[in-house]
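Novice: Protein chains in written order, with this note's numbering: chain Y, 1 to 292; chain W, 1 to 292; chain H, 1 to 292; chain P, 1 to 292.
Please keep in mind that the hints were generated in silico from the structure rather than gathered at the bench. These numbers were taken from a predicted model, which means no experiment stands behind them. Check each hint, because a few of them may be wrong.
[To be verified] From the structure, some residues in chain Y lie toward chain H, with a derived Cβ separation under 10 Å: (1) Glu184; (2) Gln190; (3) Tyr192; (4) Leu253.
All C-beta atoms, glycine included, are put in the ideal place defined by N, C-alpha and C.
4 protein chains.
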Amino acid sequence: MNPLTFAVIGGDMRQAKLASLLAADGHAVSVFALEQAQPERAMIADSLNAAGKGADCVVLPLPLLRDGTALHTPLSDMVLTLDAVFTALKPHQILCGGRIPEIAQKQAVERGLLLVDYFNREELVIANAVATAEGAIQVAMQSTSTILLGTRVLILGFGRIGKVLAHRLRALGVSVTVSGWSLEDLAWIQAYGYKGIRSDRLDGALGGYDILFNTIPHLMLNAERLRTIDRDTLCIDLSSQPGGIDFAAAADLGLKTIHALGLPGEAAPLTAAAIIRDTIYNILSEQGIPLC
Amino acid sequence: MNPLTFAVIGGDMRQAKLASLLAADGHAVSVFALEQAQPERAMIADSLNAAGKGADCVVLPLPLLRDGTALHTPLSDMVLTLDAVFTALKPHQILCGGRIPEIAQKQAVERGLLLVDYFNREELVIANAVATAEGAIQVAMQSTSTILLGTRVLILGFGRIGKVLAHRLRALGVSVTVSGWSLEDLAWIQAYGYKGIRSDRLDGALGGYDILFNTIPHLMLNAERLRTIDRDTLCIDLSSQPGGIDFAAAADLGLKTIHALGLPGEAAPLTAAAIIRDTIYNILSEQGIPLC
Amino acid sequence: MNPLTFAVIGGDMRQAKLASLLAADGHAVSVFALEQAQPERAMIADSLNAAGKGADCVVLPLPLLRDGTALHTPLSDMVLTLDAVFTALKPHQILCGGRIPEIAQKQAVERGLLLVDYFNREELVIANAVATAEGAIQVAMQSTSTILLGTRVLILGFGRIGKVLAHRLRALGVSVTVSGWSLEDLAWIQAYGYKGIRSDRLDGALGGYDILFNTIPHLMLNAERLRTIDRDTLCIDLSSQPGGIDFAAAADLGLKTIHALGLPGEAAPLTAAAIIRDTIYNILSEQGIPLC
Amino acid sequence: MNPLTFAVIGGDMRQAKLASLLAADGHAVSVFALEQAQPERAMIADSLNAAGKGADCVVLPLPLLRDGTALHTPLSDMVLTLDAVFTALKPHQILCGGRIPEIAQKQAVERGLLLVDYFNREELVIANAVATAEGAIQVAMQSTSTILLGTRVLILGFGRIGKVLAHRLRALGVSVTVSGWSLEDLAWIQAYGYKGIRSDRLDGALGGYDILFNTIPHLMLNAERLRTIDRDTLCIDLSSQPGGIDFAAAADLGLKTIHALGLPGEAAPLTAAAIIRDTIYNILSEQGIPLC
Numbered sequence: 001m002n003p004l005t006f007a008v009i010g011g012d013m014r015q016a017k018l019a020s021l022l023a024a025d026g027h028a029v030s031v032f033a034l035e036q037a038q039p040e041r042a043m044i045a046d047s048l049n050a051a052g053k054g055a056d057c058v059v060l061p062l063p064l065l066r067d068g069t070a071l072h073t074p075l076s077d078m079v080l081t082l083d084a085v086f087t088a089l090k091p092h093q094i095l096c097g098g099r100i101p102e103i104a105q106k107q108a109v110e111r112g113l114l115l116v117d118y119f120n121r122e123e124l125v126i127a128n129a130v131a132t133a134e135g136a137i138q139v140a141m142q143s144t145s146t147i148l149l150g151t152r153v154l155i156l157g158f159g160r161i162g163k164v165l166a167h168r169l170r171a172l173g174v175s176v177t178v179s180g181w182s183l184e185d186l187a188w189i190q191a192y193g194y195k196g197i198r199s200d201r202l203d204g205a206l207g208g209y210d211i212l213f214n215t216i217p218h219l220m221l222n223a224e225r226l227r228t229i230d231r232d233t234l235c236i237d238l239s240s241q242p243g244g245i246d247f248a249a250a251a252d253l254g255l256k257t258i259h260a261l262g263l264p265g266e267a268a269p270l271t272a273a274a275i276i277r278d279t280i281y282n283i284l285s286e287q288g289i290p291l292c
Numbered sequence: 001m002n003p004l005t006f007a008v009i010g011g012d013m014r015q016a017k018l019a020s021l022l023a024a025d026g027h028a029v030s031v032f033a034l035e036q037a038q039p040e041r042a043m044i045a046d047s048l049n050a051a052g053k054g055a056d057c058v059v060l061p062l063p064l065l066r067d068g069t070a071l072h073t074p075l076s077d078m079v080l081t082l083d084a085v086f087t088a089l090k091p092h093q094i095l096c097g098g099r100i101p102e103i104a105q106k107q108a109v110e111r112g113l114l115l116v117d118y119f120n121r122e123e124l125v126i127a128n129a130v131a132t133a134e135g136a137i138q139v140a141m142q143s144t145s146t147i148l149l150g151t152r153v154l155i156l157g158f159g160r161i162g163k164v165l166a167h168r169l170r171a172l173g174v175s176v177t178v179s180g181w182s183l184e185d186l187a188w189i190q191a192y193g194y195k196g197i198r199s200d201r202l203d204g205a206l207g208g209y210d211i212l213f214n215t216i217p218h219l220m221l222n223a224e225r226l227r228t229i230d231r232d233t234l235c236i237d238l239s240s241q242p243g244g245i246d247f248a249a250a251a252d253l254g255l256k257t258i259h260a261l262g263l264p265g266e267a268a269p270l271t272a273a274a275i276i277r278d279t280i281y282n283i284l285s286e287q288g289i290p291l292c
Numbered sequence: 001m002n003p004l005t006f007a008v009i010g011g012d013m014r015q016a017k018l019a020s021l022l023a024a025d026g027h028a029v030s031v032f033a034l035e036q037a038q039p040e041r042a043m044i045a046d047s048l049n050a051a052g053k054g055a056d057c058v059v060l061p062l063p064l065l066r067d068g069t070a071l072h073t074p075l076s077d078m079v080l081t082l083d084a085v086f087t088a089l090k091p092h093q094i095l096c097g098g099r100i101p102e103i104a105q106k107q108a109v110e111r112g113l114l115l116v117d118y119f120n121r122e123e124l125v126i127a128n129a130v131a132t133a134e135g136a137i138q139v140a141m142q143s144t145s146t147i148l149l150g151t152r153v154l155i156l157g158f159g160r161i162g163k164v165l166a167h168r169l170r171a172l173g174v175s176v177t178v179s180g181w182s183l184e185d186l187a188w189i190q191a192y193g194y195k196g197i198r199s200d201r202l203d204g205a206l207g208g209y210d211i212l213f214n215t216i217p218h219l220m221l222n223a224e225r226l227r228t229i230d231r232d233t234l235c236i237d238l239s240s241q242p243g244g245i246d247f248a249a250a251a252d253l254g255l256k257t258i259h260a261l262g263l264p265g266e267a268a269p270l271t272a273a274a275i276i277r278d279t280i281y282n283i284l285s286e287q288g289i290p291l292c
Numbered sequence: 001m002n003p004l005t006f007a008v009i010g011g012d013m014r015q016a017k018l019a020s021l022l023a024a025d026g027h028a029v030s031v032f033a034l035e036q037a038q039p040e041r042a043m044i045a046d047s048l049n050a051a052g053k054g055a056d057c058v059v060l061p062l063p064l065l066r067d068g069t070a071l072h073t074p075l076s077d078m079v080l081t082l083d084a085v086f087t088a089l090k091p092h093q094i095l096c097g098g099r100i101p102e103i104a105q106k107q108a109v110e111r112g113l114l115l116v117d118y119f120n121r122e123e124l125v126i127a128n129a130v131a132t133a134e135g136a137i138q139v140a141m142q143s144t145s146t147i148l149l150g151t152r153v154l155i156l157g158f159g160r161i162g163k164v165l166a167h168r169l170r171a172l173g174v175s176v177t178v179s180g181w182s183l184e185d186l187a188w189i190q191a192y193g194y195k196g197i198r199s200d201r202l203d204g205a206l207g208g209y210d211i212l213f214n215t216i217p218h219l220m221l222n223a224e225r226l227r228t229i230d231r232d233t234l235c236i237d238l239s240s241q242p243g244g245i246d247f248a249a250a251a252d253l254g255l256k257t258i259h260a261l262g263l264p265g266e267a268a269p270l271t272a273a274a275i276i277r278d279t280i281y282n283i284l285s286e287q288g289i290p291l292c
C-alpha cells in the first residue's frame with residue numbers, strides 16, 4: 001500500500017473507525033472534531049489548518065452537514081462551518097463527503113476544490129445494502145419469539161436490499177415471497193427460487209405472513225392494507241424517513257412495527273467504516289492517486 | 001385434532017407458552033404454579049388436585065426439580081414437593097417432564113405413575129439444536145461490529161449444533177471451518193463444503209479466525225490454546241455448564257468471550273414451547289393416545 | 001384461463017412443444033409447417049390460411065427466418081416465404097416471432113400487422129439465462145471425470161447467465177470466482193460471497209482453475225491468454241457465435257474446450273417452450289387480451 | 001509425502017486412475033492385470049511376483065472377486081486366482097481390497113496376510129454418497145426436458161445419499177420432500193428446511209412430484225404404489241441391485257424409470273479413484289505407516 005496522508009474532520013463513529021482503519025493500512029491520519037471518539041492510531045490535530053494541511057485526501061462526514069451550514073460533528077462540541085473547512089483546504093487536495101447538498105457542491109466548485117460524494121457511489125450503496133440486509137435479519141431475530149426456519153416472509157421491493165435480504169433469508173430456511181414492480185423483477189425473483197407477487201397487486205395478498213419487510217420508500221402499507229395483515233405479523237420497515245408504513249394506523253390496529261434506520265452504522269459500524277474506506281480508495285484511484 | 005385434557009404444573013416461560021399452544025390446538029388446559037405468567041387461553045387451577053384431576057397428560061417442568069425435592073417453579077411463589085405432585089395424580093395419567101433425576105423416576109415407578117422425560121427425546125434435542133444454532137448467529141451478530149459475510153469462523157465440534165450452525169453460517173457467506181473427531185465427521189464436513197480440521201490437532205491451528213464457536217462440553221480452549229487465538233477473535237461457547245472455555249484465562253488475555261446458555265428459551269421461547277408440544281404429542285401417540 | 005385461438009406456424013421443437021402447452025391450457029391451437037413433430041393436442045392445419053384464419057395470436061419461429069426471406073421451418077419440408085405468411089393474416093391478429101430482422105418488421109408495419117419480438121423481452125431473456133446456467137452445469141458434469149464439489153471455477157462475466165451460474169455453482173460447493181467490468185459488478189459479486197476479479201485485469205490471473213466458463217460475447221480468451229491456463233482446465237464457452245475463445249489456438253495447446261450453444265432448447269426444450277408461452281401471455285396481456 | 005511402494009493388481013478404471021494418482025503423489029507404483037488401461041506414470045510389471053515384490057501396500061480390486069475364486073480383472077485378459085495372488089505376497093505387506101467375501105478374508109488370515117476392506121470404511125462410503133448424489137443430479141438433468149428449478153422432488157430415504165442429494169437439490173431451487181423412518185430423521189429433515197414424510201405412510205402420498213429418487217434398498221415402489229404415481233413422474237433408483245422399484249410393473253404402467261448404478265465410477269471416475277486413494281492413506285496411517 002502506497003502510504004498517503006489523510007485528514008478526517010467531523011462525522012460519527014463510522015468516520016472515527018475509518019480513521020483507525022486508514023492508519024492500520026499504513027497511512028498518516030490526523031483527525032479533528034472527533035474528540036469524543038479518540039480513534040486508535042490517529043493523530044489528533046489542534047486545528048482545522050493543522051489537520052488539513054498536507055493531506056492528500058480530506059474525509060468529511062456522512063451526512064456532510066447537520067443543518068444548512070455547519071458540518072455534521074456529533075462526536076465533538078465544536079461548531080465548524082463549511083466555509084471554515086473549505087478555507088483551510090487547497091485545490092490539490094481531494095475532499096470526500098457523504099450526502100453533499102447542491103449548495104455545498106457549488107461552494108466547493110467556486111473555490112476550485114474537488115468535492116466527491118462517496119454516498120453517491122454504487123459500490124458503497126450495494127455494500128451498505130448487504131449490511132442493511134444482515135442487520136434486518138438481526139432485528140427480526142431479536143424481535144420475534146420464534147426461530148426464522150420455516151417462517152413465511154414477504155419482502156416488498158426487489159431493489160438492492162430486497163435482493164440480498166431474500167438471498168440470506170432463503171438460506172436460513174425461510175419461505176420467501178418478494179414483490180416486484182416489473183416482469184423483469186419477477187423473472188429474477190423466480191430465477192432465484194423465491195415466490196413472486198406483483199407490487200401493484202398487493203391488495204388482498206398481505207395475509208399469511210409471519211414477517212413483512214418493506215424496502216420501498218413509498219407509503220406501501222397504508223391503513224387500509226394494514227387492516228388485511230395478520231394480527232401477529234411483525235412489520236419491519238427498512239426504507240428511509242418517512243418510511244413506507246403508516247405507523248400511527250399500525251399502532252391503532254395493534255400491529256407490531258419497527259422502523260429500522262441506519263442499520264449499517266447501527267449493527268455493523270466497523271463494516272460501515274470499511275465500506276467508506278474502500279470507496280474512498282476507489283475515488284483516489286480514479287483521480288490518479290495510486291494506492292498500491 | 002382429538003381434544004384432550006392437559007395440566008401444566010410449574011416451569012418457566014416455555015411451559016407457560018406451551019399451555020397457550022395446547023389450548024390453541026383445542027385442548028382443555030389447566031395450569032398451576034405459573035401465576036406470574038398468566039398464559040392465555042388456559043384455566044388457572046386452584047390446587048394441585050384441581051389441576052391434575054382428569055388430565056390425560058400432566059406436563060411438568062424442564063428441569064423437573066429446582067433442587068433435590070421441589071418442583072422447578074420460577075414463575076410461582078409456591079413450593080411444591082415432587083411428593084405432593086405425585087400424590088395428586090393417578091396411574092392412568094401420562095406425566096411428561098424434562099431432565100428427570102433417577103430418584104424421581106424411581107418414586108414415580110413405585111407409585112405406578114408413567115413419567116416420561118421429553119428432554120431425552122432425539123427429535124426434541126435436534127429441534128433444540130436448530131434453535132440454538134439460530135440463537136448463536138443472533139448472539140454473534142449482536143456482539144460484533146462487522147457483518148458476517150466474509151468472516152472466517154471456526155466451529156469446534158460437528159454434533160447436532162455444529163451441523164446446523166455450519167449449514168446456516170455458510171449460507172450467510174461465512175468461510176466455515178469445522179473440527180471433527182473422526183474420519184467419518186471429516187468426510188461429512190467435506191461433503192457439505194466446509195473446511196475440516198481434526199479435533200485432536202487443534203494446537204497451533206486456532207489463529208486466523210474472526211469468530212470461534214465451541215459446541216463441545218469439554219475444556220477445549222484452555223489457557224495454553226487461548227494464547228494462540230487472535231486478540232480480536234470473538235469466542236462464543238454454546239456448550240452447557242461449565243462450558244469448554246477457561247473463561248478466567250480468557251479474561252486475563254483480554255479475549256472477548258460469551259457463554260451463551262439456554263438459547264432456545266432465551267432467543268426463541270415460542271419455538272422452544274412448540275418443540276416441547278410436538279414432542280409431547282409424539283409421546284402420547286406412542287402411548288396409544290390418538291391426537292388426530 | 002380465458003380460451004383463445006392460436007396458430008403456431010413453423011419453428012423447431014420449442015414451437016412444437018409450445019403448441020402442446022397452449023392446448024393443455026385450454027386454448028384452440030392449430031399448427032402448420034411442423035409436420036415432423038406432430039405436437040400433441042394441436043390440430044394440424046391444411047394450409048397457411050386455414051391455420052391463421054381466426055387466430056387471436058399467431059406464433060412464428062425463433063429465429064423468424066432461415067435466410068433473408070423464408071420462415072425458419074426445420075421440422076417441415078415446406079418453404080414458406082414471409083410474404084406468403086403475412087398475406088394469410090389480418091391486422092387484428094397479434095403476431096409473435098423471435099429475432100425479427102428490421103426488414104421483416106418493416107414489411108409487417110406496411111401491411112398494418114402487429115409483429116412483436118418475444119426474444120427481445122427481458123423476462124424471456126432472464127428465464128433463458130436460468131435454463132442456460134443449468135444446462136452449463138449439466139455440460140460441466142458430463143465433461144469432467146470429477147465431481148463439482150470442491151472444484152475451483154472462474155466465470156467470465158456477471159451478466160444474466162453469470163449471475164445465475166455463480167449462484168448455482170456455489171450452492172453445489174464450488175469455489176466460485178467471477179470477473180466483472182465495473183466496481184458495481186464487483187460489489188455485487190462480493191455481496192453474494194463469490195471471489196471477484198476485474199475483467200480488465202485477467203492477464204496472468206487465469207491459472208489455478210478446474211473449469212472456466214465464458215459468458216462474454218467478445219474474444220476473452222485469445223491465444224496469449226490460453227497459454228496461461230492450466231493444461232487440464234476445461235473451458236466452456238456459453239457466449240453466442242463466434243464465442244469468446246480462440247478455439248483453434250486452444251486445440252493447438254491441447255486444451256479441452258466446449259462451445260455450448262442454444263442450451264435452453266438443447267437441455268430443456270419443454271422449459272424453453274414454457275418460457276416462450278409465458279412471454280406470449282405477457283405480450284397478449286399488455287395488448288389488452290385477458291387470459292384469466 | 002513419504003514415498004512408498006505400491007502394487008495395483010487388477011480392477012477397473014478406478015484402480016487404473018488410482019495407480020496414476022498414487023504415482024503423481026511421488027510413490028513408486030507398479031501395476032499388473034490392468035493392461036487395457038495403461039495408467040500414466042505407473043510401471044507395468046511382468047508378473048504377479050514382480051508387481052507385489054517389495055510393495056508396502058498392495059491394492060486389490062473393488063469388488064475383490066469376479067466369481068468365487070478369480071480376481072476382478074475387467075481390464076485384463078488374464079485370469080488370476082486369489083490363491084495365486086496371495087502366494088506372491090508376504091505378511092509384512094498391507095493388502096487393501098473392496099467388498100471382500102468372508103472366505104477370502106479367511107484365506108488371508110490363514111496365510112498371515114493383513115487384508116483390509118476399503119469399501120467398509122465410513123469415510124469412503126460418505127464420499128461415495130457425495131459422488132452418487134452429484135451423479136444422480138446429472139442423470140436427472142439428462143433425462144428430463146425441463147430445468148430443475150421449481151420442480152417438485154421426492155427422495156425416499158434420508159441415509160447418506162438422501163442427505164447429500166436433498167442438500168444439493170434444494171440449493172438448485174427444487175422443492176424437496178424427503179421420507180424418513182424415524183422421528184429423528186424427520187427432525188433433521190425439518191432442520192434443513194425440507195418437507196418431511198414418514199416412510200411408513202407413503203401410501204397415497206406419492207402423487208404430485210416431477211421426479212422421485214429412491215435410495216432405500218427395499219421394494220419401496222411396488223406395483224400398487226406405482227399406480228398412484230403421476231404418469232410423467234421420472235423415477236430414478238439409486239439403490240443397489242435389485243433396487244427398490246418393480247421395474248416390470250413400472251414399464252407396464254408406462255412410467256419412465258432409470259436404475260442408476262455405480263454412479264461414482266460412471267459419472268466421476270477420477271473422484272472415485274481419489275476417494276479410494278484417500279481411504280488407503282488413512283488405512284496405512286492407522287497401521288503405523290506415515291505418509292507425511
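Novice: Could you tell me which of the numbered hints above are not met by this structure, giving the numbers in increasing order?
Specialist: 4
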